[in-house]
Amino acid sequence: MELHQVRYFVALCRTLNFTRAAAECNVTQPALTRAIQKLEEELGGALLYRDRGMTQLTPLGRATLPHLSGMLAAAETARRVADDTLGRQQMHLRVGLGPAIAAARVADVVGRLARHCPTLDVHFEEGTTSLLVEAMLGDALDCALLPDADLPERLHRWRLFEECCVVLLPAAHPLAERDTLTAADLKDETLLVGQRCGGFALRLIEAGDASFTVRRCGGSWVQMLDLVAAGLGVALLPDALAIGPGLVSRPLVAPELRRGVALTVVAGRPQGMAVAQFVKLCRARAFAPA
Amino acid sequence: MPLPKLADKIAAQRATMSDELRLAYEQSVAEMLAIGAGTTALAVGDRFPDIMLPNAEGDLIAIADLLALGPVVVTFFRGIWCPYCRLMLDALVAALPEIEAAGARLVGVTPETGGLALTTKRNHGASFEVLCDVDSGLGLDCGVVFRTPMAYRALLLKHGRDLAPRHGNESWFLPLPSVFVLDRAGIVRWRYFTTDFTEQAEPDDILAALRALER
Chain W
4 MELHQVRYFV ALCRTLNFTR AAAECNVTQP ALTRAIQKLE EELGGALLYR
54 DRGMTQLTPL GRATLPHLSG MLAAAETARR VADDTLGRQQ MHLRVGLGPA
104 IAAARVADVV GRLARHCPTL DVHFEEGTTS LLVEAMLGDA LDCALLPDAD
154 LPERLHRWRL FEECCVVLLP AAHPLAERDT LTAADLKDET LLVGQRCGGF
204 ALRLIEAGDA SFTVRRCGGS WVQMLDLVAA GLGVALLPDA LAIGPGLVSR
254 PLVAPELRRG VALTVVAGRP QGMAVAQFVK LCRARAFAPA
Chain X
194 MPLPKLADKI AAQRATMSDE LRLAYEQSVA EMLAIGAGTT ALAVGDRFPD
244 IMLPNAEGDL IAIADLLALG PVVVTFFRGI WCPYCRLMLD ALVAALPEIE
294 AAGARLVGVT PETGGLALTT KRNHGASFEV LCDVDSGLGL DCGVVFRTPM
344 AYRALLLKHG RDLAPRHGNE SWFLPLPSVF VLDRAGIVRW RYFTTDFTEQ
394 AEPDDILAAL RALER
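These protein sequences, in sequence, are chains W and X.
In short: position in the first sequence from 1, add 3, done, that's this note's numbering.
In short: position in the second sequence from 1, add 193, done, that's this note's numbering.
Warning: the hint list may mix true and false statements.
[Stated by the list, open to error] Simulated coverage check for chain X against chain W, where a stretch passes if three residues somewhere in it have a Cβ under 8 angstroms from a Cβ of chain W:
1. 237-244
2. 352-364
3. 367-379
4. 393-405
Everything labelled a hint here was simulated from the structure, so no lab data went into it.
No residue lacks a Cβ here, since even glycine has one placed at the ideal position from N, Cα and C.
My request is simple: use the sequences and hints to build the entire structure.
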């Protein structure tokens, strides 16, 4: 299939009107009609009903549209970034970071992108999944790294990596002498439980293998680590976070708790060039385990 | 010294097809011929799109930067799950010294994501660039993308080759085996494509096309 056929089809889906789509694409209506017919031949069926002036997508058309528009966007953003690098346009990248997901995970990707976009502005926003999803839907964020369980349908998601749960303790804590820890080891400890800390503590409590003393704490994983250092309790966090001096991290091996982290964007939302290339760079590569 | 014929290795590989696979393959090739897959491919004299894509190592590579160094050979392959593509990659690795001696750079293009471009390079000991054509945008731009015929898709799924997680989309678009030889101006000077995905360009033909550029 050809780029222009796909472009005409996507324009036609947007306008549901051959005359307007042809005008939008700067071609004659017969040329647009021919291109759509060619595409229909290649895809093996009608993409649109053309009844009495009413243009509607067929089931095949509806099923194919997201795939074709994704491919078209990939082609167009690849070209436009090449153009824009020369033009030195101001570019923005706004990335949401879900509970206890470190920017360090994607900092290298941002660095490689910035080499080609010297004027790139980067903005990170930490928050709960629901807040970040709302921000993406409201166009206040371009994309977000989120734990990939129970994400809304409207998001495209690509799992980038998996994380394991570790126990964070003061270095002087008796359990720091162990190489690994189990739920039973923690039964005399106070577990710090926060809303924005990855949910491992709640999962361990809900597993019911042992009963724990719980201390709720607001804030992010950064503040939770400060509380661990001050002796208020131990924290269960993903393994990829940088911890300060005075703290140690020990893998929790029974139960073994894991989570997947996905890059998410709002489905069907047009992306700026920097964002599109950031998403491509993230999707193209493998992320090493922490 | 002429390179070993890729066609001979491909014929040997094709002879190992099960009856089930052969039937799906023949149906798919006939279907793709009937719909004119590949007739939309960039032609000799066309300008190759000026694009930028991630490479296997996670950097963005612009075709324009490669062209500044000399002619470029762009070869699309379907993925490392494809035995014919693997034969082609081995043949290209063997031909690389001669391609580079002709002053050119070789670029492989794969629709596979999630680090599979790097796996491809490592598995084949390939030192040339392998670009990751996320969502097949470059393939579309070059007119070499087709939708995988249903019979063939079902067979791939049955054998555990689900392209959706490999591509990071549910589209099941694949590139035809195709090669474009670009002169320094980015103009296609030679091309190869086939709707029969068990066929591949002969490295000797690619080299002959490159040497013809110098004249």
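Cross-check of the supplied hints:
1. 237-244: holds (count 3)
2. 352-364: holds (count 4)
3. 367-379: With 0 residues closer than 8 angstroms to chain W, the segment 367-379 of chain X misses the three-residue bar; violated.
4. 393-405: That given contact is violated, which follows from only 0 residues of the segment 393-405 of chain X lying within Cβ reach (below 8 angstroms) of chain W.
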